[in-house]
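K.L.:
Below are the chains, spelled out letter by letter.
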Amino acid sequence: MHPITTTLIKRIGLGIVSLFFVTLIIFSSVNLLPGDFVESVLGQTRTEETVKVFRAELGLDKPYHVRYVNWLTSALQGDLGSTFSGRNASYANQPQQSTARTVSSLLQPRLFNTFFLAAMTAVIAIPLSLILGITAALYRNSFYDRTVNASALTAISMPEFFVAYVLIIFLASINQFFPSLSNVTSSTPLLERIYLSILPALTLTLVTVAHMMRMTRASIINLLASPYIEMARLKGMSRTKVIIKHALPNAWAPIANIIAFNLAYLIVGVVVVEVVFVYPGIGQLMVDSVIKRDIPVVQGCALVFAVTYILLNLIADVISIVTNPRLLYPK
Amino acid sequence: MNTSKNNSSLLLDIKNISIEGYSDEAWHPIIKGVDLQIKRGEVLGLIGESGAGKSTLGLAAMGFVRAGCRFTEGSISFEGTDLTKLSEKDKQKLWGTKFSYVAQSAAAAFNPAHRLLNQTIESSLSHNLDRKEKLQKDAVQLYKEMQLPNPEEIGDRYPHQVSGGQLQRTMTAMAMTSKPDLIIFDEPTTALDVTTQVNVLATIRSIVKEHQTAAIYITHDLAVVAQMADRIQVLRYGETIEVAETNRMLDSPKQEYTKSLWAVRSIQKKEQEREGTILKIENVDASYGSGPMVLRNINIDVPTGRTVAIVGESGSGKSTTARAITGLLPPTKGKVLFQGRKLPAKLSERSKEDLRRIQMVYQSPDTSMNPRHTVRDIVGRPLRFYHGIVGNMYTEKVIELLKMIELDESFIDRLPEELSGGQKQRICIARALAAEPDLIICDEVTSALDQIVQEGILKLLLRLQHELKISYIFITHDIATVKAIADEVVVMHQGLVVEQGLKKDIFSPPHPDYTKLLLSSVPEMDPKWLTRILKSEQKI
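One line per chain: the protein sequences are R and A, in this order.
Read in order, the letters of the first sequence are residues 1 to 331 in the numbering used here.
Read in order, the letters of the second sequence are residues 1001 to 1540 in the numbering used here.
In isolation and in its complexed conformation, chain A is listed as follows (with noise of 0.2 Å):
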């Protein structure tokens, strides 16, 4: 009875709490008056957009701000103290024992000069829990549960030499070390490939139910969170949407914003037969330097104005194929027919009209324009470089681009940091429409997005291919992008072409076994997703 009694009494209340950050010499608000409940062994899943707050409020639920931040009203309660009147001293006690969080990037979060096991029990011997021996131990049960392999060993090594999946498992055992009360989980699985991402989720998950230990899920993936949550909890500009069990989320969100955030993977293609191919990929291998083979006899057809989507996990040789396309690492062995005729392998060997007619947009619009050129320079730089336009026109052609992407000549002055990542990514596809190309080159260019600005941009492409008939490459690895925009899809896996077929084909089955895993690795929204997947591998 009194056990009973204690699960279900609240760990921590956290009222009214508004943080405000400083930039631009000013206090601006980055949470506005949030109000959140967990209950001892409970998991709350913390949801919105990037700017949300979400990560701001999980650190604050450990009475934690970042360098730059403040509290500037209302209190957080855990077991009865207010952690924003305690002392920087009194919270320190209180961090790597009775909370714990663990990070985005595991490979960053790590420290690269300490082995894992030092890391992992560094907290606890700090706070003098237990003796070291003893923690030692402890460490190499936690691996074992977290189905880390050889546990005994794999805390001797460098954070560097193990894989990413293996780090942020590493990550949630260091963070159950001191048998927390409280862990943040924040965003732990969105660096990793969906494949690494189930199995992750599956040992996070019967660990903390295990444990009984309480939790902070914070992620941009609805889809996740459904796994992994008892509860949601909706943020938006630093504000509380909706809060609700998960189950009636699901199935009935009140409000319209939250609606708004289940509807996005609507987006649905219907694929085209292709009439002609535009580009021909013939037994190409690449390697990087002397280093081993990247690409192994790869065969890519791109049929002329659809879209061949290229998917695969990271270190499949996607964006690799890209750079032997654009003649940026010259393939080792075999050729690239555009149109019929063979591209010179080498970037400096074709011509003007060869590169002009090939263009490439990039995942990351920050680090892929110039910060100190204006909208005009960028957008307009292949305007004189290719087609020799200068003065009236040039302005006049510069603003008739920004209309095709749906931004107003207003954006015409302006520089990349005044302007939202969607509208950046926006920015680069008019630069690569600026060249007037026959074929662009996606790579990733809806990962570092949110999904309702993913939406956006998959519209805009999709419309620009239908007026202008252009052909794409998408290089993805998030299937519901496939969806949304291919007509057919190229499956790869280290280095090697699975298979080409039209969307069609591909989705349903028999499918290969690479391809078969790929598509049940994606996390649906059905709560029993998970659940169900873990099954169906133990059956096998």
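Bound conformation, chain R alone (with noise of 0.2 Å):
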């Protein structure tokens, strides 16, 4: 077997490990948290019977291991379990007639849409933060390379909703070339997707370049004290083809590393985006239903979550590996 398959198949079975021990994590904690659903549903008015009747609806009233064990099983086979908040104190009693929705059906059109943000941030964030990165790189210490540096920087330092408040004054306010609320649904045509979405992929671009990009820049420069770089320019190389055909191939494992966490990030950490632009992702959901304590979807969230930064993490592994012809190809 090709000593890359074995590798992968290593990694894989690492990332199920540590996607178990997030669960693990994700049902203790959420568990943990305060404030009880049934009794804040219920209110003022209930009674103990009501209590334990609705409890044994929703499962709470089995121990710990036993809901964890049922939610794990249900969630290998593609089902995340229904959400407690859509059900009825009233239909406590005839639970055959529950109009409780999936939380799947609640996360997939949620899950589009921050997909959808994330890859048009990543479409005009990658390839941006890349070229700035190399030719910073190219032209390091001059006035170009600071220039960049210091407006990543900036632009990195301010919070995101400042970032999203100062593009909405300037592109939706002032100037009205974008809308500044993003509320797109699930009939929403592509264009008018994209055109929508305009404002808070900037932002976000803005607050995630700064870090590409001067990941990019480092390793480059890194590689340039390396004895084949000067034999590339003894060759009589051009410094552009120095840096693109002698550094950059060797570059791109930490490159990929940082991409990865950005993109992570672009799924995972966008809930203040999405408040500020009205954006129906996923982060908002997850705020949401932590704040009703239904839980199943938190823990839906969390899920989806984990699972998106341990396949990034995989892919980034990947290219390392791919790009590196000491790993590829072994002596």
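Just so you know, the hints here were simulated from the structure itself, not pulled from any lab data.
Treat the hints with care, since some could be wrong.
Stated by the list, open to error - In silico DSS-like pairs for lysine-lysine, Cα to Cα no more than 27 Å straight-line:
| no. | chain 1 | residue 1 | chain 2 | residue 2 |
| --- | --- | --- | --- | --- |
| 1 | A | K1270 | R | K245 |
| 2 | R | K241 | A | K1091 |
| 3 | A | K1098 | R | K241 |
| 4 | A | K1134 | A | K1091 |
| 5 | A | K1280 | R | K241 |
| 6 | R | K245 | A | K1335 |
| 7 | A | K1137 | R | K245 |
| 8 | A | K1209 | A | K1280 |
| 9 | R | K241 | A | K1179 |
| 10 | A | K1093 | A | K1137 |
| 11 | A | K1134 | R | K241 |
| 12 | A | K1333 | R | K241 |
| 13 | A | K1259 | R | K241 |
| 14 | A | K1280 | A | K1335 |
| 15 | R | K241 | A | K1093 |
| 16 | A | K1259 | A | K1270 |
Claimed, not checked - From the derived model, a few chain R residues whose C-beta atoms are all more than 10 Å from chain A:
| no. | residue |
| --- | --- |
| 17 | R101 |
| 18 | E230 |
| 19 | M231 |
| 20 | M237 |
We treat Cβ as the ideally placed atom computed from N, Cα and C, and that holds for glycine.
Using the hints, put the two standalone chains together into the complex.
P.N.:
Written out as structure tokens, the structure reads:
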């Protein structure tokens, strides 16, 4: 078997193991959250009996470990359970008529929205930061390099909501280029969707470019002292060729890592931007569910986040392997 | 008539060139007004110690200065143009076409991300010298001439997939692809084992001769330059000491400094018979993790108060033997007896006293000293750790140790970066002595040093042994060093002990095959040595 296959299998195995631990953490921390869904829904008028029945219906009467195993086994089959809050207390006595929505049906459109925004941001931010990073390395210590560095740092130093509001003022309010509300629905046509999502995507681009661009620049400059770079120069290669052909191919591993890190951030950490633009993403959903103590939805969101993180890091690992001939073609 | 005239015409004429380098917020001279001439097809040997400015001058011959350096004076005239006045763009047109460079470490100078063939033809291709297919065919032809195995396929490999000697030959082929007028060889065989070096030297010499290419051959090894060069130029502190034809230079060097270079290999220690054994290695096997066996059934005796030299090429298991003795790598089989008593295999199971009695000195003093500790801390730590010495006694003892290694007390508060290479190695020796050991393991302690500094360190070690009756295990790949310091010699090859015995017995025939190969591969000062070796090999 090719060594890259064994490495891949090992990494995927490790990913599954860490995912297992993550589910443990998610389950225990969500269940440790203060407050009780049943008591808060039934309110002051609750009787002991209704509480008991309602608990039994939601499965909250079972001990923790049984609930964990149930949740995990159904999650493995793709069933993340039903939401709590879609029910109504009056149905408590007639569970067969329950109108509860499944967590998956709630998650799906939100998840799609979040992925859409992340993809749109990535399409702008990744090429932009690579180009900025490479050119900054090429003209290092020049005026250009300093300007790019300083502006990237400025953008990252400001809170996201502030960047968002500044963009709204200039691009939605003073010059009315784009809408300040991005309330897309599942029936919004693609072009309209893009148009509506431009401001949040720009905001996220501004806050992520600095990381990726600086890492690209640093990893390239790091290599410029290598003997093979001097050799390339002594072979009469131009500065651009030296950087693109000789430095960049050896710098992919750290760059891929920082890109994966930022992509993960775009999926799991953008709730503030979603709130500012009223964008129906998964971050908002999770915050709402925490407020409502809707445990299955919170668990579902957390699980999606964990899978995203692990998958993206796995991809970054794979890129580091396939761009390194030492690992790809063993002796 | 025309060709012969052309052959003797001047190719490169460097006049009064001066180069400065920027460090510590000031410009320091590196090359101070050097002249250098090369005729077409001539090989010039450039020789000197590290820091003499050999590499800087070699690169300057191409009109190249490293980052942080600049030309201040003089001219480099190549076919009538002054390279110091050309723009970077114009010089790029010459680099890789008229000039080629062969670097010291081929492993580091090849880009790990590209296949060898692509790198070989890269410069010719991007300078549009020929079509890709033609260049690839030429490259394969050059691989053949360089006697690379599988010349048709080796180009598809990545640098990490071929050996150091093959890489060095590939790099020479790469330098030849554009049929340059001048090649700069910057210590091309220094990183290679002696047995590999012979072949690389031979192929470089024949290809340079065949293609009538002029070359500057930079090295610190006199014996090597004697084989390669038509003419030798000696550099020191950025100035020319002496220039002469190779034969004349070897026979009658004029300057004192040149003579001292020639005389370095003169230390010869008379070996002494053993009077007892301090350390015994019995049937030791060792491996790293679950990897292949690195040591196989090793048996070595170390005589008391004497020096045993372990010689062999890289990968022969010399340093691993040291790690097995010190307990850093517990053997998988066999045992280590110190003064007749079995030492625990693992470092963590040994007593402080066991640790104190065996000390190590490493090849690179730069990496074996904490750069933030002063000499006082470095030398003093074993005093406190093993002997519990503190207070006034502590400083006194450190000064006493410094005197033993021929440094005065002004060094006590210096940091490693304020010391020269030789002084650093002396501090490492003082640190080992501070523990008052019975046995010191010296792992290639002189390999990173210049010849003259090496001589000083070797004399110091000999004197200390005489005064303190310490036993040494001296690990080296350099036969001259062995001759200078050893009483007994152990020859290792591929994790096996080939033979052990008194120096005079090992160095005189009959030899096992490997010892014979190793000894015959050591370059000699005689300019005809390489030719002679190659002939005798052909006979076999």
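K.L.:
A separate judgement is required for each hint: does it hold in the structure or not?
P.N.:
These are the hints, each one checked on the structure:
{"no.": "1", "hint": "A:K1270 to R:K245", "in the structure": "57 Å, violated"}
{"no.": "2", "hint": "R:K241 to A:K1091", "in the structure": "15 Å, holds"}
{"no.": "3", "hint": "A:K1098 to R:K241", "in the structure": "20 Å, holds"}
{"no.": "4", "hint": "A:K1134 to A:K1091", "in the structure": "25 Å, holds"}
{"no.": "5", "hint": "A:K1280 to R:K241", "in the structure": "58 Å, violated"}
{"no.": "6", "hint": "R:K245 to A:K1335", "in the structure": "52 Å, violated"}
{"no.": "7", "hint": "A:K1137 to R:K245", "in the structure": "23 Å, holds"}
{"no.": "8", "hint": "A:K1209 to A:K1280", "in the structure": "51 Å, violated"}
{"no.": "9", "hint": "R:K241 to A:K1179", "in the structure": "22 Å, holds"}
{"no.": "10", "hint": "A:K1093 to A:K1137", "in the structure": "23 Å, holds"}
{"no.": "11", "hint": "A:K1134 to R:K241", "in the structure": "23 Å, holds"}
{"no.": "12", "hint": "A:K1333 to R:K241", "in the structure": "53 Å, violated"}
{"no.": "13", "hint": "A:K1259 to R:K241", "in the structure": "47 Å, violated"}
{"no.": "14", "hint": "A:K1280 to A:K1335", "in the structure": "8 Å, holds"}
{"no.": "15", "hint": "R:K241 to A:K1093", "in the structure": "14 Å, holds"}
{"no.": "16", "hint": "A:K1259 to A:K1270", "in the structure": "24 Å, holds"}
{"no.": "17", "hint": "R101", "in the structure": "51 Å, holds"}
{"no.": "18", "hint": "E230", "in the structure": "8 Å, violated"}
{"no.": "19", "hint": "M231", "in the structure": "4 Å, violated"}
{"no.": "20", "hint": "M237", "in the structure": "6 Å, violated"}
The structure shown violates the earlier hints numbered 1, 5, 6, 8, 12, 13, 18, 19 and 20.
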